[in-house]
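A.B. asks: Below are the chains, spelled out letter by letter.
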Amino acid sequence: MLKEGYMVGPQAIMMQYCAKTDVPAITLLAQCFFNYPDPEAAAELLKELTKIAEIKVDVSKLLEKGEEIRLRARDVMRRTQREMSKMKKTQEYDIPMYVS
Amino acid sequence: MSTKRKRSIFDIISEYFEDLQERTERFREVLIEKPSWNRGACTMEPLQNIMVTPTEVIITVDLPYAEENTIRVKPISRDTIEILAKMKRKVRFADFGITHYEGEFETLHCQTRVPVPVYMDKMELRFKKGILEIHLPRKYEYEIPIE
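Line by line, the protein sequences are chains L and G.
Using the working numbering, you'd call the opening residue of the first sequence number 1 and step up by one each time.
Using the working numbering, you'd call the opening residue of the second sequence number 1 and step up by one each time.
The following block holds chain L by itself, in its conformation from the complex (with noise of 0.2 Å):
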C-alpha cells in the first residue's frame, strides 16, 4: 500500500476523476523492468485482482506463453521506447517542486 506519494500519467488522471465523482476505485501496480514487456508482472497483478474483486481470473496461459510473448514484443517495445524519448515521458520520474 503506497501511504504517501504521487501519482502521474493515466492512472492518476482515472483516479482522479474516480475521487471527483465518488467512484470507489484502487490502482494495482507491480514492480517491473519498465523496458521490457513483463508478463509474470501483469499475472503477479490479476491474481492480487481476483483476491480483491473474488473474481475467477486463469493466468496459467500468460505463464505458460510468457516468453513467446517477451519475444514477439521486442519490436514493438523498441519502438515504444523511441517514442516514449520523443514525448518526453521521463518527465514523469522528474523529482516534484512540492514540500511537505
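Restricting the straight-line Cα-Cα distance to at most 27 Å, the calculated cross-link-like pairs of lysine-lysine (DSSO-like) are:
{"id": "1", "chain 1": "L", "residue 1": "47", "chain 2": "G", "residue 2": "129"}
{"id": "2", "chain 1": "L", "residue 1": "86", "chain 2": "G", "residue 2": "34"}
{"id": "3", "chain 1": "L", "residue 1": "61", "chain 2": "G", "residue 2": "88"}
Selected chain G positions facing chain L (in silico; Cβ < 8 Å):
{"id": "4", "residue": "36"}
{"id": "5", "residue": "49"}
{"id": "6", "residue": "62"}
{"id": "7", "residue": "65"}
{"id": "8", "residue": "96"}
{"id": "9", "residue": "129"}
{"id": "10", "residue": "130"}
{"id": "11", "residue": "131"}
Derived by calculation from the structure, the hints in this document are not laboratory data.
All values derive from a computational prediction rather than experimental measurement.
A virtual CB, placed ideally from N, CA and C, is assigned to each residue, including glycine.
Let chain L serve as the given structure and place chain G on it in line with the hints.
C.D. replies: Frame of chain L; chain G shown alone:
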C-alpha cells in the same frame, strides 16, 4: 495591437538542440536502422538497456527462451561487449504469423557499446527470470582537482 513575446537565448538554444536531435534521429532511422533479426546468422536481437551510475555501468538484456548455460558475454573491444545466448527452441517467422518471409532463429545476439570507461575484466553477470544483468565497475582514468 498584438504583442509578440521575445524569445530568450535559452529558448533558441533549446529549439536548436531539439531540431538537431530530430535530424539525428531521422538520419539514424534512414541509414542505421536494421531489422531486429538476421536470417543468414539465424539470430534475433534482444532488447537491452544501459544505466550509468557513479560507480558502475549496468547493462540489462531481456533474453526470452535463453538457455542459461549457453549465455556468453565477451568484450570485443575497450568499449563494446557482445552477448550471445542459445534459445531453448527454434523460432520461425511462421510462429509470428509472418508468411512472406522464411527463416528460423536459434540464437539471441547483440553488441552493446559502453558509453564510459570500465574495467571489462571485473565484469559480473546475473541471470534472473530471463533478464541478464551485466555489472561493469567504472574506471576513472584521471581526476580534475577542484581549486
